[in-house]
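Q: Modelling step: build the complete structure from the supplied sequences, incorporating the hints.
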Amino acid sequence: MATAKSIPKPVERPNSGPAASNSDNIGLAVYEKLRVKAIGHDFLPGERLNEVELAREFGVSRTPLREALNRLTTEGFLRSIPGKGFFFRELDPKEIFDLYELRAAIEVAAVRLAVQRASTEDVNALAKMVEDASAQEDCEVSDLIAADEAFHSRLIALAGNSEMSRVVLNINARIQFVRWINVDKLSKRATHKDHRAVIQALRQRDAEACAGLLQKHISRRLDEIIEATHRRIAQIYTERASLMRS
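Quick note on numbering: the sequence shown equals residues 1 to 246 in UniProt numbering.
The hints are simulated quantities; they were obtained by calculation from the structure and are not laboratory data.
Here the structure is a predicted model, which is why all the values come from computation and not from measurement.
Errors might be hidden in some of the hints.
[Unchecked claim] With a straight-line Cα cutoff of 16 Å, these simulated EDC-like cross-link-like pairs (lysine to aspartate or glutamate) come out:
(1) 216 x 140
(2) 94 x 206
(3) 188 x 140
(4) 33 x 75
(5) 84 x 140
(6) 188 x 131
(7) 94 x 67
(8) 193 x 148
(9) 128 x 148
(10) 84 x 51
(11) 188 x 227
(12) 37 x 57
(13) 188 x 143
(14) 94 x 223
(15) 37 x 90
[To be verified] What follows is a set of in silico ranges between Cβ atoms, one per label pair, in the way DEER data are often shown:
(16) 116 x 75: 33 to 39 Å
(17) 22 x 119: 27 to 33 Å
(18) 66 x 44: 29 to 35 Å
(19) 83 x 196: 46 to 52 Å
(20) 160 x 58: 42 to 48 Å
(21) 153 x 52: 28 to 34 Å
(22) 160 x 188: 26 to 32 Å
(23) 52 x 119: 25 to 31 Å
(24) 138 x 109: 35 to 41 Å
Don't be surprised by glycine CBs; every beta carbon is placed ideally from N, CA and C.
A: If you want it as structure tokens, here you go:
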């Protein structure tokens with residue numbers, strides 16, 4: 001089960017006075033509680049969320065609850081079906097594999113272009129971003145996930161192909177929720193080591209080395225997530241069966 005510490009710090013939004021501020025605080029609190037439930041898989045894959053029960057559980061009206069549900073839908077934890085409601089995302093190992101495979105194919109192609117097109121200043125900026133992230137001493141899981149996503153997004157951008165960036169952005173939106181399945185396996189040192197190796201190959205304009213390192217980095221993460229997904233599916237149903245028997 002995830003803890004509140006794993007929740008990314010929300011971006012503050014402008015408001016128009018105390019009433020709006022209080023409403024924002026309520027909505028944020030509901031969002032954070034729901035996100036902890038989602039990360040901890042308190043809902044069964046494909047389960048329809050009961051908005052009436054959730055509103056009663058959190059002691060709020062349907063408005064802040066609906067805002068939180070929509071936000072989690074945007075983040076990929078839920079699916080919204082018009083006229084039917086919100087459903088917790090299914091954990092489909094085949095879908096996850098297909099999406100990571102597509103992402104790897106595009107990123108590897110992108111990094112080959114980046115070797116040709118990225119300026120020295122671009123590469124230096126990417127390296128600085130990695131070093132800044134590595135220098136953070138109190139790095140929470142959410143920070144590490146965000147830093148990894150930022151690295152890959154910036155790396156693809158160096159290819160100078162906006163369509164590649166657009167497609168990968170869409171893929172990442174669909175796989176974002178699975179990044180939390182095995183967060184305990186994430187290693188700050190290993191992640192930044194991989195990133196530095198890719199940057200070094202990029203500096204040397206070695207397309208084969210750069211592509212190989214990136215493919216290895218993504219494939220290792222995919223293997224970890226697929227294995228964790230199978231374990232988590234079995235664990236979810238075992239825990240639910242145990243609760244029903246008790």
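Q: Now tell me if each hint is right for this structure.
A: The hints, checked one at a time:
1. 216 x 140: It is violated: about 24 Å lies between the C-alpha atoms, which goes past 16 Å.
2. 94 x 206: violated, 33 Å
3. 188 x 140: Roughly 10 Å separates the two Cα atoms, so the pair holds.
4. 33 x 75: Holds, at about 15 Å.
5. 84 x 140: violated, 36 Å
6. 188 x 131: Holds, at roughly 12 Å.
7. 94 x 67: violated, 31 Å
8. 193 x 148: Holds, at roughly 12 Å.
9. 128 x 148: Between residue 128 and residue 148 the Cα gap is close to 14 Å, so the pair holds against 16 Å.
10. 84 x 51: Cα-Cα ~11 Å, so holds.
11. 188 x 227: violated, 20 Å
12. 37 x 57: holds, 13 Å
13. 188 x 143: Holds, because 10 Å separates the two Cα atoms, which is no more than 16 Å.
14. 94 x 223: The given pair, whose Cα atoms are some 12 Å apart, holds under the 16 Å limit.
15. 37 x 90: The given pair, whose Cα atoms are some 15 Å apart, holds under the 16 Å limit.
16. 116 x 75: 33 to 39 Å: 34 Å Cβ-Cβ, so the 33 to 39 Å window holds.
17. 22 x 119: 27 to 33 Å: violated, 48 Å
18. 66 x 44: 29 to 35 Å: Violated, at about 21 Å.
19. 83 x 196: 46 to 52 Å: holds, 50 Å
20. 160 x 58: 42 to 48 Å: holds, 46 Å
21. 153 x 52: 28 to 34 Å: Given about 39 Å between the Cβ atoms, the range is violated.
22. 160 x 188: 26 to 32 Å: Check passed, 30 Å falls within 26 to 32 Å.
23. 52 x 119: 25 to 31 Å: violated, 56 Å
24. 138 x 109: 35 to 41 Å: For residue 138 and residue 109 the Cβ distance comes to about 36 Å; the hint holds.
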